[in-house]
Each structure stands twice: as C-alpha cells, then as structure tokens.
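Visitor: This is what each chain is made of:
2 protein chains.
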Amino acid sequence: MAHKYVYTFGAGKAEGNKDMKLLLGGKGANLAEMSNLGIPVPPGFTISTEVCHIYDENKGQFPKEVEEQVLAGVHHIEEIMGAKFGDAENPLLVSVRSGAPASMPGMMDTVLNLGLNDETVLGIIKKSNNERFGWDSYRRFVQMYGDVVMGLKPESKEEEDPFEVIIEKVKKEKGVELDTELDAEDLKRLVKLFKEEIKKRTGKDFPTDPWDQLWGAIRAVFGSWNNPRAITYRKLNNIPSNWGTAVNVQAMVFGNMGDDCATGVAFTRDPATGEKIFYGEYLVNAQGEDVVAGIRTPQPLNKTTKTDPDQTTLEEIMPEAYKQLEEIRDKLEAHYKDMQDIEFTIQNGRLWMLQTRAGKRTAEAAVRIAVDMVEEGLIDKETAVMRVEPEQLDQLLHPTFDPKAEKKVIAKGLPASPGAATGRIVFHAEDAEEWAEKGEKVILVRIETSPEDIGGMNVAQGILTARGGMTSHAAVVARGMGKCCVAGCSALEIDYKKKTMTVDGAVYKEGDWISLDGSKGEVIEGKVPTVEPKLSGNFGKLMSWADEIRKLKIRTNADTPHDSEVARNFGAEGIGLCRTEHMFFEGDRIKAVREMILAEDEAGRRKALEKLLPYQRDDFYGIFKVMHDLPVTVRTLDPPLHEFLPHDEASQKEMAEEMGISVEEVKAKVEALAEFNPMLGHRGCRLGITYPEITEMQARAIIEAACQLTKEGIKVFPEIMIPLIGTKAELEHQKKVVVETAEKVMEEMGVKVDYLVGTMIEIPRAALTADRVAEAADFFSFGTNDLTQMTFGYSRDDAGKFLKEYEEKGILPDDPFQTLDQEGVGQLVEMGVKKGRSTRPDLKVGICGEHGGDPRSIDFCHRVGLDYVSCSPYRVPIARLAAAQAELRNRKK
Amino acid sequence: MAHKYVYTFGAGKAEGNKDMKLLLGGKGANLAEMSNLGIPVPPGFTISTEVCHIYDENKGQFPKEVEEQVLAGVHHIEEIMGAKFGDAENPLLVSVRSGAPASMPGMMDTVLNLGLNDETVLGIIKKSNNERFGWDSYRRFVQMYGDVVMGLKPESKEEEDPFEVIIEKVKKEKGVELDTELDAEDLKRLVKLFKEEIKKRTGKDFPTDPWDQLWGAIRAVFGSWNNPRAITYRKLNNIPSNWGTAVNVQAMVFGNMGDDCATGVAFTRDPATGEKIFYGEYLVNAQGEDVVAGIRTPQPLNKTTKTDPDQTTLEEIMPEAYKQLEEIRDKLEAHYKDMQDIEFTIQNGRLWMLQTRAGKRTAEAAVRIAVDMVEEGLIDKETAVMRVEPEQLDQLLHPTFDPKAEKKVIAKGLPASPGAATGRIVFHAEDAEEWAEKGEKVILVRIETSPEDIGGMNVAQGILTARGGMTSHAAVVARGMGKCCVAGCSALEIDYKKKTMTVDGAVYKEGDWISLDGSKGEVIEGKVPTVEPKLSGNFGKLMSWADEIRKLKIRTNADTPHDSEVARNFGAEGIGLCRTEHMFFEGDRIKAVREMILAEDEAGRRKALEKLLPYQRDDFYGIFKVMHDLPVTVRTLDPPLHEFLPHDEASQKEMAEEMGISVEEVKAKVEALAEFNPMLGHRGCRLGITYPEITEMQARAIIEAACQLTKEGIKVFPEIMIPLIGTKAELEHQKKVVVETAEKVMEEMGVKVDYLVGTMIEIPRAALTADRVAEAADFFSFGTNDLTQMTFGYSRDDAGKFLKEYEEKGILPDDPFQTLDQEGVGQLVEMGVKKGRSTRPDLKVGICGEHGGDPRSIDFCHRVGLDYVSCSPYRVPIARLAAAQAELRNRKK
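Here the protein sequences line up with chains Y and P, keeping their order.
Residue numbers 1 to 893, in the UniProt record's numbering, belong to the letters of the first sequence in order.
Residue numbers 1 to 893, in the UniProt record's numbering, belong to the letters of the second sequence in order.
Keep in mind the hints are simulated off the structure, nothing from the lab.
Hints are supplied without guarantee of correctness; some may be wrong.
Same chains, same names: a pair is fine if it fits in one copy or spans any two.
What the hints assert, rightly or not - Taking lysine to aspartate or glutamate pairs in the DMTMM-like style, the calculated list, with each CA pair at most 25 Å apart, reads: (1) Lys809 with Glu732; (2) Lys408 with Asp495; (3) Lys667 with Asp648; (4) Lys59 with Glu740; (5) Lys611 with Asp814; (6) Lys84 with Glu197; (7) Lys835 with Glu823; (8) Lys169 with Asp183; (9) Lys534 with Asp559; (10) Lys801 with Glu675; (11) Lys534 with Asp308; (12) Lys520 with Asp778; (13) Lys438 with Glu664; (14) Lys715 with Asp629.
Next up, chain Y with everything else stripped away, as it sits in the complex:
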C-alpha cells in the first residue's frame, strides 16, 4: 500500500483526530476531531507535515503518491458537496490553508475561493444567483492568489498594496468610498485590472486551470513555513523548525453571499479576563479575513458582551445559528476541557465550523480559566497547573499605572492586552527594532499590524493600533507576548510618511512619549508612574496548587531588604544569592573601599575594612531580618578590585582630592589593576586568598548580624558562599578564614548561629572536580552565568557581537545566557551534582544564575535533582509554577 500522506474529513467522520497534531497540524487535527464529533465542518483533506519535510529537502518535489492522494481528496470533497472542481456549471471552490502542529496565527499563507476562473465564476453566479458575490469572490481570489502565490506585494514599506491602489483608483473614478459600493461590473473590472497588473509585474499569466491554481497554492503554503516572519515567530515561541506545516484543502463556505451570511471568530471564554462568557465577534456578509484583518470593525456575538447599544449581535439577528453556535461551544469545551478559539461561517443561514483550537489568553485569563475549570470539575489541579504558561505570569507581576497619578487620556481604544506601558512613539516595526537596540523604550503605533511587524512588536513596550478589534492581529499577538496593547483606537490619524499621529488636532511625533493602559484601552500623553501589581485570589489558588506539587524550592537573588521583601511576598523561600559588591558603592562606603585598594599593606587594608564593617553588618542585619526563618546565601566579594576605581580623568581627579593623594597615584593603581581579561582575572576567591582580611571582614559582618538577630529572638540561617572556586584547596583556604572568624565572633557575642559555608560552582573545573570540592563544602550553588561564559568561552559583555548572528544562522538554538545550554553547560551541572553528592550525600545544591528564572532551565534543574533555584524577585511566581510543571512533566515520563 502506498504511504498515506493525505487525510480526509467531513460529513461526520474523518481519517484523523485531535491527537495527530504533529502529522496533521493543529487545524487539520481539530477539523478531523470536529468531524468525528458530528460538528458541521466543510469537508476537506489535510496534506500531512511529512510532505512539508520532503518538499523542503527535495527542493520542491513532492513524493509521487501525493498527486494521486490529493486527487482522491478533491473527489472526496466533490462527493460530499455535490459539486465538481473546475466544472463550469456546478463548480467546487476550495480554501487552501496552512496548519502547523503549534498555532502560528497569520504567520503562513492562505488562499480562499480557489477554483475560480472566467468560466467557473459564471457557474458560481448561477448557483448563488448573485452576480456581485461571484465577481467579488473572484476578485478576492485573484487578489489573494496574486499576493500569496504569485508574490505581488508592496516593494517597500512606504508603498501601498498594489491591489489596494487599483481598488482605490476604481472607487475614486466611480466616486464612492466603500468597497461595498462597488457593483458587479466594477468588481469584474477589478478582476481584469488585477490580472493585468500581475502580468505586468510578474510577466506571468494568472493561471486559469483550477488544478494549476491548487498546486500553486499548496506549494505556496508549504513554502511559507520558511518565510522570515514564520521563522521569527517560531524563534520567539520556541517552535522547532523541523515540525513543518500541514496543508488543509477544504470546501469553501461563504459568509459573504448575502445578508443571511456571516463570518466570525469567538472564544469559549473571555480571553482577556477568563470570565465564563461566550466572547466573539462577527461580520455580516463578509469573509473570515475581514474579521481578523481589522478592516471593518466587527460586532459582538451576543447581548452579554454588547458594550454599545448601536451594536448588532449575532444572537439578535440570527438567533437560530447563534443557538447552534452556543451548543457547539459547550460541546467543544466539554470535549477539549479547555477554552477554545473557534472560527465559523454562516452561509445562507447554515452554520459551518472552520476551526477550533486552544485559545490564546492573557495571563489573567489563563489563571482564571484554569482555576474555574477545576472548580467546575472539568479538569484536575495538575491539569490546571499545566495550563498556564509560566513565562506569561510576568504580565501579572509587573506594575500597573498608579491610579492616583494624573493622566491625560487622549484617546480610547479596545483593551486588547492588559498591562501598562510607557515609551516613545515609533511608527514602523523596523524603527522599533532600531530604537530598542539603542536602549530606547518604544510604543509601536500602527494603523493596523501585520505578521511582518512581529519583530517590532516583540521589542516594543506596548502596541497601539487605529484599526482592528479584540481578535485583530495586534491584539492576538500582543496577548500571546504578554504585552500591553490598545487596538482599534479610531480617533488616531496616523501619517506614516510624516511620522505623526494626530488626535483631535494634537500632533504627536515620532519620539514623543505616550503611555498605554492595555486593561482599560487608554492612550495617555507622556509618562505615567506605576504601582505594584496586586494578585487575584485565583492566582493565589493556582500558586498554592503549584506549591503542593513542586519539589524544587524557590529562592531569590536579592541584595537589599526591599528586594528581599518583594520576593518573600512573591513566595521566595530564601535568598539564593545576595551579592555583597553592590553594597560597596553606596555613599561613603566607596571611599573606604578605595582606601582599602590603595593601602600598601595588610595593616592599611584592615584599617579601611574596619570602616566598612558596620555598613556591611547593617546590610546583613536588614536582609536577615526580612528573611527570618529562611536561609540567606551571601556571596563574598566577587568582582575584580578595579571595578571600584574610577576610570575617567574627572572622577580620578575627584578621588585623588578626596583621598589626599596625587592623581598619578590613582592612575597608577588603576593601571596596576587593569587586566586583559578581567573575567578570567584576579577576582572571586582569588581576591580572598590574596587578601584574606576582606573575607574575614565579610564573615564578621555576616556573623555579627546573625548573632545580634539571634539575641533578638529572630531565627537566621546564613549560608556563606565563596565565589569562583576552581580547586578544593581554594575553598579550604577561604573556609578556614570564615570558620575561624565565625567561631571568634560567636564567642565574643556569646551566641551560637547555624551557618553553612559553601561555594559557587561557576568554573568548569569546579564541576569536573566536584567530588573533591564537596569535601569542603556544605552546599553548592551553580553560577550558571559564569559557567556558561567559561564553558562556551563567551564573554557576556562581548558575545553580543556574534551571538545574534549565531542565532540567525541557526548555530545556536537559544541564547545560552537566557536558557541553559543543557547539552554542554548542563552536563557540567549534572556532573557537579552527581560528583558532589558522591562524597557528600547531604550536599545542598541550587542554582543562582539568570537561568534560575527560566522555565525550560527550571525543568532541567528539576531533572538533575537540584534542591532549589534562585531568581530575581519578580520571577519567583514564574519559577514556582515552572517547578510544579517540571514535576508533572517528568512524573508522567
């Protein structure tokens, strides 16, 4: 038997089902599933993702079986629909759509109304008894095919779409404003003009044979898997590039055949808030693209979601179809047990479902839906915990505008994606990327966004559009990114060429500051101060479920009592990294630090260190107090000493005056301490070994603070961490200094404190020899930032130059400083854990690099058996959820 590449569906049955997403793509699998559920779906077939691979690898050649199977697929549709592809009397029209295993909305190509030519259009007119509809479908097809398959696109970002130019011209000649005012003759003329333009620009005739049209469209859709915006989207969403897309060929149903037709998209619950209301939009007498493209402003589905008395709901004008739709909604939710994003079309009063898939949602909605569904008995807690993307929580945790702040609201749009954002106006996605690279915060302002804008949207603080609804491209993508978005703000007049945005006569130029409130849909002039987020009860519930499940402890990286408090409120179970060097810069301390550096002997250094001691002790006192009853890991001094000296002339002069020495002496010291590769230089424990008195002072400050608090009845658990250990002997040296000091202090203060001495594992050699290092360590904390630097040989400060290129050229799948490189660096972490525990089974092991807050890295940390991860305060909830998911994911395996 020939290998099966094509899977049919329709008329209550299908060859596929929802679990075949990798093979059929999400859309194809769900169309099959809906067919199987008896939900009305226009019949069709799916060409599997396997074909996409083969097509790519064989430079556009299909496996030989495909042609035959596509032919059979078309016959399958013809049979069910009682029409014939290419038949002049009773023509079948089809859509050709992409459908990847993961949702990539709008990233790949689609062709509708395929099968039309000068003959079949007449058949359609006859069948629909609607000449205007026939020609409108035809001109839409030519326009779409011309764009997608034949490549007729604007040649620069300033140029308008060539087809739109023609339409505008025809409308102007006729003296009308709206597309709907064009009649059949006009549309027929458009078809002709479009074909001429295509011929002129491409040199090719528009194909008249429907089969040629079909193969062209299939090729275009497969080819669109590797278009730049799809590649960017995959990267941003960690979708493997080897998945490929499937192609769905499906009978056309028409929402634009007359006023008893409509098309719409809906969510089974509110995707912004998660509320259990049926939420959607539709347009009468329109094709699906009209809704998502944001050209006409769609209407709400039902009375519940009506926000304006002028709106006309589907519930009101087509109650039958609406009722059926609501039933399908309930069926789908009950079946999929998740909020669904659906597309439908009503053709002459008959409802057709075109798509169902898990709906994208805001973090707030994700949390609420997950919790509600548990309470509704639809899913269990474990499923709920898996339902929320940890990274998405970020949008719940960041500040919103201070409600007390004065705000000059200049316009209102749709609250398309919640959150607050402040930035400078830019009008083009490319500009957004350029400005963001320079460190500018920008708001991307567009008439409407398109998939080409994805890069710019990603770097923007927020997105503002003049057109489009809650399900417009801008809104959907922004919610997915967890980025604030105000959409459909029609008060804006945007001039791309002048780079201005005019609201009620007030002109805002590129570079002007504005603020967006994505939860209210407000556009605000200038910058607005923000306040901390308050978390909902649902959030608390979900987090508590996550806490019940997870095995990893979550700590935080915090250097101040304030940060410690924020983190503790977010659920941090200790501090995994308290850096002491930041404390050295404040106020008068830097003077003492510099005095120490300039000292010529140990006595001089000790004198300066004595001045630092009380400051450090107070620092630790404050942090320990906030973190009472929880462990606090304090790292001894890490950076090279030259970081504490001024490097510009003026500051050197100032320092010289302040310290009563010559500027030459300052310069000489700066020069003496300069290093070729400071990252590999005299820092970390190497400093502590050269100047044990520094470690001694820090140990004293820590233990004095701990003793003081112990006396006050507050429980503290200091863990003193020696950085940059590469050999056991280094750790032994520093540990001796710490232990001797600690014992002395405890004797002086007459109090005992439970303290540990351990080390960062951030030098490859420390991981390689972890069995020996562990003999001297109470705990390990993987400093994966430095470990990544040295394992790859990448300086974090310099690698920007080539890392971006590496990602673009596919040499690295991710930035290894963001997501732990499990293949390489991860081996060292795993080795460190195993070897460390081989000589010290009770070794406490954690991670305190940036990776501690990255969900995929957390999954890895869970798998290799770490005790905790430590991350920045705002990422603590993300880490808690990611840790729970890691447990669930790996429990299943």
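Using the hints provided, position chain P relative to the given structure of chain Y.
Guide: Below, chain P without anything else, positioned relative to chain Y:
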C-alpha cells in the same frame, strides 16, 4: 611486637636493602645494600621516613618506641666499633645525616663528629694519638652543630658566617693564612670562642651530654625536611612533600686523622661526558665536607683523569686503598647496573664507603652511559631509554657558541656543566631572581654557591664560581638543572659589596654582559653568537630505541619553513600546529589585513583578501615542501581582529596616512573592535563564521599550495584545523566553506589532494560534546593552553598575579600552563577522546598546547590514547623520549 622504626646495618649485614628507599631514604637503603654486599661501611642505623611524618604531624613528638630503638641502634654500633658513646676513655663518635627517598644533595642538614665534649675529646686524642686532630674534630663539631642545630647563621646576605669570622680573627692574630696552620691550642681556643659566641647569640649553652647532642641532631635533620631550600628543591624536582626524610646515624670514620687519611667522592663513570673512566676527587687529611664545599681544590683520583702534572692522585699515594676502591666501583656498577656517585673515607689507610647512589650526570653523559651499558650487556634498551631524563636532553639541543665567532676569553675555570650561556652579571641569587622576573638574562657569579642559592641558579642562564671543583655544589646542581656552569675559576676576584668581578685588573660590574662555555670552562667577555648543536651517535641510537618503543607520534608547532626544518631534523613526524596569524604581520601583508578589517562590506574584504592570498599560498608552499610526506595541520585565523590594528596614537596616525583615511576612522575601528575579555570574544571560528571569506581565502591558499606541490610530485597532507569550536554547528559551518573551496580549487587545478578538516578542542564545551563535534571532524587537536584558561577561568595574561601566590600557598601543585592539570583539564581531554571516538572510531587525536612538550603531560597523553603530541621544534627529542618512557612506564603497570 613494637613497630619497627629503626633499621641497623654494618659488618656485612643489614636489616634493610636497596629497595626500601621510601622507608629508609636513598642513603639508608644503599648503606644497607652495601653492607649486604660485604662492602666496608661504618656501622650505623637508619630512622625511617615514617618517623618524619609522625614528627611533623605531632609537632615534634616522636613515637614512644623510637627512643628505645635508637638506644639499641647505638648499642649495635658500639658493639661493632668496640667503643662507647659518651665514654671518656674510648668514645664513639657518630654522624647524623638526612637521607630522603630521592636525592636532594645539600638541601638538608648533617652533623658530624657528634659525641664530642670536653671529656670525650681527650679520649679521642688519646685513641688517635693526635691532639690537633682531636681539637680540630671538636671545633668542627661545635661549628656544625652550632649552625645546624642551634641555628647560628649569618643574619643577612652581606654578613659572613659568624664562625668563619672568629676563625679569620684567630688566624690574623696568629699571622697565618691557612686553617691548616692553626695548631691544637688554636683549635682548642676556637672551641671555646665558638661556644661563647653560641651562648651570646642564642642564650643557650652548648650541650655537653652526647645523648642530648644526638637527639638535637636527629630533630634538626627531621626538621630540615621543611626548610625553604628543601621545599624549593622539591618543587623544582617534583619530589612529593609527603615523602619525608630518614635519618642515618653512623659511626664516624675520619679522613682527617693524618696523612694516611683521605676523603673523596667519585663517579663510576665521567658524569660530564659519560666516558667509562673512574672519575673522582679526594683530599688528603680532610673531612668529606671539605671536598664538596669547594674550600680546598681537590685532587684527581687516578692517573687517567689527571689534567696537570702537579696533581697528586690517590692511585699514586695510596695504591692499596685505590685498588680496593676500584674493585668496589666495579662491584657497585655490576650490582646497580648504573653509574654510581660514591663517597669514601680512608682512615689510617683503611677504606670505608659512606654512600653510593645513582650519579647525577649531564645529558651527554646520561645518553652515553645508557648506550654504553646496553652495548656492555649491563642493561637492555628499555632500561637505557628509562635512564635519561627527557627534560635533560634540552641541554644537548640548544645552540653552542659559534666556533668561528671572535671570543675574548678572560678566564678559565672547570667545565662543570656543558652548554653555552650569555647573560648579564649578577652576584646574589636574590638579584638573579629579581632580574629574571623583569625578563633579563643573567649569569649568576658567586665565589661559591650554597643550597640557599638554588632559586637564583634556577633562573640564571649560567653559573660561574670562583671556587670549588667538579663536584662542588654549583657543579652538581647546575648539571642536574641542565644549566651551563663554569666552576672554580680562581682568577676571579669577587667583591659582593661593590658588586664587581675583577679579572687581571679588568673590572666587570653587575649588569655587564659575559658568556660562559660550560663545556670548555671558558669565561668570555660580552655576548657570543651561537650555532646549532650537533647530536652524537649515541644520541641517535637512544632516540632510535625510543622511537621503536613509543606509541605516540611526535609532531611540532612550526609556522615557518625554517622552524619546520629544524623540527624535522629533530625527528618531528609532522606539524601539529601551524598558526597562520603570525604570517599576517610580515611586510606588506599587514596593510592588506588592515584593509580587510576596515572594509565596509564583503566585497571590500574580498578585495583585500585577494592581496593576501598569494602570500599565504607561498607560506604554505614553503612549509608543505619541507614537510613533504608528512601531515601538516594548519589552523585558520584565530586571534581577534583588533590584534592587527595599532593601539598607540603614532602608529594609528601612520596607518591612517598609509591607508589614506582619517585617524578618527582608524580610532573608531579600534574602538569598535575593542573587547572587555578578548580571550572570550570575537575570535577563532567566530570570525570565520562572521566573515566566511577569510576562511575561504585561507582554504584556497592551503589547497592551491598543496595542488601545486602535488603537480611537482611532492606528497603533501594538509589538515585544516578550525579553532575555538564550541558546537558542532560551528564546525559544520566552517567545514562547508573549506570543503567547497577545496573542491573548487582542485577542480581548477586539475589535481586531487588528500586533505582533512578537523578542529581544535580548546573550549570546554567542545570536549563535553565531543561525540557530536566528532561527527563533523576528521581529527581533534587539544589546544590545552586555551582549554586550561577556560577550565580554570584563568587568563594567561593576568593569572601571573595570583598563580605564583597559589603555588606558594600550596593551592596548586604546578603551574597548570606548564604541566597539564590532569585532575581537571585532563578530565576534559579524556572525555573528548572517548566521546569523540565513540561516534568516530578512526578519529585522529593530538595535542598542540605547550603541554605537548612536557614529559609528565606526555605521559598523560599516552595514557588517554592520543595519536600524537605536538611541541616546539627544540622539544621534539624530549617528547620522543618522554613518549617512549610513557609506554614503558605504563606497560609495566
């Protein structure tokens, strides 16, 4: 039974033997062995090295059994000698000497004539019937005990020995010049003055009880294991610090009891040339120290080695004793099957052997003795190969003075250690170290050297002494170090205070240049040009035996045809590392390189690279030609581009003018390319990935040169090596560029060339993922310099600051840039080899870091199964020998 700590020997039998060196030390084991062989040895006992450990760890406490066993040992001696320790009438005198498992000549302490006090001295006088001898022995004992046990030493390097000051004073008062002119009364007075000086300086009385003396001496000898010079010596010679020393207590025999007495040291063959002649020196009526201390110039043993008719040989004046000595020499060589270094004393015509041990020898001698002994049938080839210290060969391989050069010989001394050296005069070991640290080449000029000078001798190019013979401290140590030495050059008048050396009225100051010919004993004014060494037939034989044995191939690191030729002559079997960047600096090339760097686009870079192509091709042509029939590994461009730009204002200006651009443009480029940590920056394959056209040009140059030579009938095997690979994808990218270029060039030139594409393994991640990297590599070459940098996180350019301290504080046993860190870096190498071969069993694997020429690292490379090591041309023979030894050493295991 009590644990045995003390082992007796003497009178034809012993409790130990030569194989118990670790327990009894070399001296003790060999004294036992000689006793067992029936060779006359003064009876005695050895306190084992075990006691040294316990003594160290228990802060000077001995195990309780030791006292009793020492007592028994003394009784053992008393019985054989028929004398009694501490007896006033018939006193037994003993020596107390150190004796570690490895020879550490002069590094630890010795006390002779122990047992003398105001009473027993009278007994000795009575027994010897020699009053002067009795008092001389006594004053020597007090002097030595005062120095060694009671610590009476000069307080600064300028101060003279306090005992010598007293002797000088007494001689002056008496108006005599030589010690021998002092009579019994004078010596008696010296004893008194010495004791007073000791009391004055230390506040302690000189001990009169022989048992107190004995325990004091034993403690001092054990304690001397950890004196600074012993520690330095152990470090230089890689002797483990946990071995400890044994203590030998032995009946005194006297070479200074009269003119029928003598003492001497000898080598069973000539230690300088290896010639099979009995070579030694002796002094009549002297104690052993007089010979080695270099105070009196000793006489040759026999007529064969007489160099001056005025010399008096032992063979002539004591023919009986000499004959017996010669018989013992033959017996020892036949027994030990190695050249022996022996010490003897003749007391009243009777010969006593005090020591035998494997003799230190020059490289030349080592080679000759090894080869001769094979030919004499004493040892086999494998043993011969193990007999020569690979590191020592260095002295055979370095240039000697050009015989045609004009040389102003200003003085002649003894040719104590061969080789040629040029450097600036310094007079103190400390100064030598200071100057050497600044990069100065120095010749250490001393009246005589002492063990305190060991550090300075180590850093000096050569050593020149005014006093002392071929077995003086300077001579012995210099030979061991493979360092050129002229000893006993009595024409020199050295003034330490003025820091001058006067020869025949000509004054040479500190800092003046002189040259030494260690093979001829010549001291030459100024610098002298050198010529390449010629290697003896024996060297060739030994090397050929090594070649038969070794499994490792030896390649060389060479960037020019000249270096390649030198290495090939030394036996290199290919080039393991040809760096291409050095080639970029020559002549006009640097202009083209800079043009490339400044180019704004690929076209500009290609234009500049085209100019470089012919140069590079010629480079490779030359090298490939010299290395015909052997593989040549060429590394593509490695350093960051900023290394090719000028960094000082003046050169930047010059460059700007040359290139017709503004100096600002040059500066801007320099700034744009600056990196925080260039070692971890944009270099190696990262450059080749950003600018594939550079790799392309280099691949073209390599393959064009190879094709050209192939056409000329010369076989070439280029191996193109991509540096700084961290991921398989990087290698694939660069390999593609190389292979595509190579195929193109071969097609253009109509010739096929066998070439390989492989990679450096120098990034930890590459070793960790070697299984994947190997899928794209024909070979691996471990770049252990960079691998060490990144595994330890040490910048080679900066680590000097703390690495020295690390070695001093015992945190690192060796400089990991000199000797491969097997525990850490070695793990990565081993992992790289195993993983690499797991996916590519035929993977060729080598090493091209500095470690490729280090014998201990070579042993490691052998054990982990590398195919070859690559080192600098002059180290090729060392590596050949070390590789053979590695095979033999590990074959035994």
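Visitor: Against this structure, judge whether each hint is valid.
Guide: Okay, the hints, checked on the actual structure:
no.	hint	verdict
1	Lys809 with Glu732	between (45 Å within a copy, 12 Å between copies)
2	Lys408 with Asp495	within (22 Å within a copy, 91 Å between copies)
3	Lys667 with Asp648	both (10 Å within a copy, 18 Å between copies)
4	Lys59 with Glu740	between (71 Å within a copy, 20 Å between copies)
5	Lys611 with Asp814	neither (45 Å within a copy, 38 Å between copies)
6	Lys84 with Glu197	neither (30 Å within a copy, 126 Å between copies)
7	Lys835 with Glu823	both (18 Å within a copy, 13 Å between copies)
8	Lys169 with Asp183	within (15 Å within a copy, 133 Å between copies)
9	Lys534 with Asp559	within (23 Å within a copy, 67 Å between copies)
10	Lys801 with Glu675	both (21 Å within a copy, 10 Å between copies)
11	Lys534 with Asp308	neither (29 Å within a copy, 103 Å between copies)
12	Lys520 with Asp778	neither (51 Å within a copy, 62 Å between copies)
13	Lys438 with Glu664	between (35 Å within a copy, 22 Å between copies)
14	Lys715 with Asp629	within (5 Å within a copy, 75 Å between copies)
Hints 5, 6, 11, 12 from the earlier list are contradicted by this structure; the remaining hints agree with it.
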